[in-house]
Amino acid sequence: MSLINTELERLKLILVRMSQHVEKTLNNVKELLEAQDIERRRVIWREVEDFAITLESMRRDFIDEALLFIARRQPLGEDLVSTHIMINIAYDVYRISRYCREIAKVDSLLAPSSGLSNIPSIRELFEKSVIAVKATLKDLVEFSPNRISVVDEIDTYMDRAYQEILQELVSNKVVPRELGVKALIARHVERIVDHAQYIEQHLSKL
Amino acid sequence: MFAVEMNNVNLYIGDKRILKDITVKIPYNSVFVVMGSSGSGKTTLLKLINRLVDFIDGVRVLGDIRVLGFNLLDHDPYELRKNIGMVFQEPNPFPHLTIYENVAIAARINGVAKKREELEEVVKWALEKAMLWDEVKNRLQDYPHQLSGGQRQRLCLARALAMKPKLLLLDEPTANIDPVNARKLEEAIVSLKDEVTIVMVTHLPHQAARVADYVAVLFEGKVVEHGSAQKVFLHPSTEIAKKLLRGEI
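These protein sequence lines are chains X and L, in that order. Just so you know, the first sequence maps onto residues 1 to 206 in the working numbering. Just so you know, the second sequence maps onto residues 1 to 249 in the working numbering.
Wrong hints could be hidden among the right ones.
Straight-line C-alpha distance at most 27 Å; calculated DSSO-like pairs for lysine-lysine [unchecked claim]:
#1 K12(X) <-> K231(L)
#2 K231(L) <-> K20(L)
#3 K243(L) <-> K205(X)
#4 K242(L) <-> K205(X)
#5 K12(X) <-> K20(L)
#6 K242(L) <-> K12(X)
It is worth saying that the hints were derived from the structure and are not from the lab.
For reference, chain L alone in the conformation it holds in the complex (with noise of 0.2 Å):
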């Protein structure tokens, strides 16, 4: 069993053909990394896995795909949704709300927590998973725009982890946030294979090798090269996996 199986799936807008031929295995917990230079279609695999393809134009998408055991196509997407959660390139809190708010509105949308002493035990929980709460515990009803940048970011994490997803899906999370605050993150993304299945986008071949298990490296819309980390990293077999781990593409 996989946590998201996708069989020849091609994924169309209009008449151009964007994703071709995608076949990947996903295993449960573990961090899924999707690698390619810019265009070549992470964004929007990342995107079918939780259908938010569904609100592009003129959106096809023919294949198999099985996300959490469920057939995608035929699945309700708002109950899919509830298991998947989802961290953009850029951080994107509720301004108007605290910094608890933001995390405990998710549990609470959710049914993961409905008590106030249950809730505050999913906002610590899911605060310490995004690696936050030491620098937040005292602050709570703070709001977002008084935190850095890096800060929102694990505040956007946390959100997500909050609603107790099975499937975490990451879009460059660490793309607009300092060194530091993109070491933090990707700690936390690599404790978190435990509880969550991680599928992460990312055109950084080293963040790739410092937090994946497995890697799929897109070129144009299609997968040329996937595999085991170790395999991807140090024996990568395809021209272009070679050029993109050197940073050529």
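Chain X on its own, in the form it takes in the complex (with noise of 0.2 Å):
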């Protein structure tokens, strides 16, 4: 394999592994939405922050080791799009895992009360999230948009939800505190299936 090909290799690897953190922060947050117990919840709070401190890092890492490999190797083509869009993707890997704090932190303001577990159909929104990451992460693995369409439905299907929370937050002259935390959480929910379709366009890209 030649050098241009095994460092390409290393920067996929790279993403691939970034990819398996935020799969673990996905299912700590699905796991987020049903726990009541505090102490659980504490634990799983930590988790979610040092998954998302970590893929921060990762991102970090990942521009200097694209940077560096342009500068070694000097690639056109099909290797300059592909770094390109390597680079775009870890942004969007590593922002998925910035909306699982997100959520996480909003549990933990609701402390000590049963948190997000109590809110009305946010875990089947999340569940429903949850499915799109998954499917692209998968095509991340294998680097070709190979379940674009299974990520556009459940994004179309999003906007709607989110759309109908914010119509049921104005139509309400008084904010219930239940409602207000749906829809800041319907809002991280649906930027996390965004960030899945930008990766797939992405790959759709090569």
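These two chains come separately, so use the hints to put the complex back together.
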């Protein structure tokens, strides 16, 4: 394998490692949306926070690696375009972890009450987003947008659901706390799916 | 209108077909780079444009070629060459002439300047355009052998420019010079395109990427890919172009 291929593969591998972390953090948040036990929730908050920090650091390292690759190998054509796409994907993967962190933060603010597990229909929305992200992460490993239609479909569903929540929000003179929290979380979930969709779109350009 | 327009051009030397069905259009005031590996026909294509191929024994050219609006194969090559400058791979200044005279002779022969003041102006202009003026302005009476290889090559560029050509042909002009001089020459090339159409041959993809507006990729005498620099350097469509960009052929 040529040096240029070896180094491109190495960059892809970093992205795959990032995606494994994101998958774990999604599972954490999924558990958080069901958990009532405050001690367990505390552990999850910490783990989600740690993953977000790790992914931020991985993204920075990835950009350094990618820039070094560009400086050393001076790629052109598909190699250059792939490198650019991978830098974009690294950002999207990292952003998903940031939204997970925001969701965990809202849950921690609700403590010591039972937190997000009591907010209706949030779990269902989040589970849909997990399906979208997992499909995207599989595509990332394959480096091909094989599941783009699944993600597009969930994105459409999510946009509509978020719109309905916003309409519900503005139709109230006084916004109940539960609805406010639901709107906030729905916004984060909707953004998670957006980033999954962006990754698919980047992969489509290859 | 294009500075150079070739349609289905084939060039034979004896029985051997060197250029095959070449169709390219080179817009005025652009840098058009011909890229390809050794033996792909790049230099032959360049020498066809100013009919230097006429000096090759057994050469035969078929097809339609228009250069600066003239039908190349019907036009007087000496008249045509007055409008076409060329810089070769190896710097070849006149060794017995001073730096000043090397540049001035081209302007004088081509009738660009007749009076001494006009000539001085053209020499200064050409040396500035070749990014050499600052380095030689106080030693114009020196001889080329007193210059570095890179400076000699820029002197050749200045000499080509002094005849005020409409078309400038560059055959791997940085092949034998150091990176600093190569970079200066590239900067000169890019800044010249407002005044002259440039056709440059190189086998270096990164150099092509630095200077080209348009690119043609030649392989075994055929144009296998051509288009804007953006298209060729970001989205090449042929395997040969992809390999060339990776330095694999």
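Evaluation of the provided hints:
| no. | hint | in the structure |
| --- | --- | --- |
| 1 | K12(X) <-> K231(L) | 25 Å, holds |
| 2 | K231(L) <-> K20(L) | 23 Å, holds |
| 3 | K243(L) <-> K205(X) | 20 Å, holds |
| 4 | K242(L) <-> K205(X) | 16 Å, holds |
| 5 | K12(X) <-> K20(L) | 41 Å, violated |
| 6 | K242(L) <-> K12(X) | 20 Å, holds |
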